[in-house]
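J.: Sequence:
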Amino acid sequence: MTHRRFSSVLVLALALAVPSSAVAASTITTPALGAFGTNRLVCTVTNASPKDVDVTIQVISQTGAVLGNLPVTIEPGEASGTGTGQGPGQGFCRVIGASKGKVRVALCVTDSVLNCLAAVPGQ
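Note that the sequence shown covers residues 26 to 148 in our numbering.
Check the hints yourself; a few may be wrong.
[What the hints assert, rightly or not] Cβ-Cβ distance ranges computed for the label pairs, FRET-style: (1) Q111 / A73: 26 to 32 Å; (2) E100 / Q148: 20 to 26 Å; (3) T98 / G59: 27 to 33 Å; (4) T52 / S137: 17 to 23 Å; (5) V91 / F61: 18 to 24 Å; (6) G59 / N94: 30 to 36 Å.
For the record, the hints were derived by calculation from the structure and aren't laboratory data. All residues carry an ideal CB built from backbone N, CA and C; glycine is no exception.
Whole structure, please, built from the sequences with the hints as guidance.
T.: Next up, the structure:
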């Protein structure tokens, strides 16, 4: 084996050996919604996998400000979420740490008692 070929094989082997935690965390986002009056924005994440998932759930304003932030471990089949105060406001949901294959994400506009009036799914 030549030196060049050996170097190429070594580089490939090292790249494959990098732990998955060194790879950028998966991010799921939703389209934006607006909440006005006493309505709120609530981002909910449901764990659809057979193992616990560690995620950070955020509601982000149209200006990029973090309106809600929740780092959480969600057990299989369970859901968790975070939201904003009363409107007016526009924003979207961002979930960091799990892929679409493991979780389901939804952003709701809720009324004052948290009934979901309109929702969009994570992509």
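J.: Take the hints in turn and mark each one as holding or not.
T.: Results for each hint:
1. Q111 / A73: 26 to 32 Å: For A73 against Q111, whose Cβ atoms are near 31 Å apart, the range 26 to 32 Å holds.
2. E100 / Q148: 20 to 26 Å: 24 Å, holds
3. T98 / G59: 27 to 33 Å: 31 Å, holds
4. T52 / S137: 17 to 23 Å: For S137 against T52, whose Cβ atoms are near 30 Å apart, the range 17 to 23 Å is violated.
5. V91 / F61: 18 to 24 Å: Because 20 Å falls inside the window, the suggested range holds.
6. G59 / N94: 30 to 36 Å: With a Cβ separation near 20 Å, G59 and N94 fall outside 30 to 36 Å, so the hint is violated.
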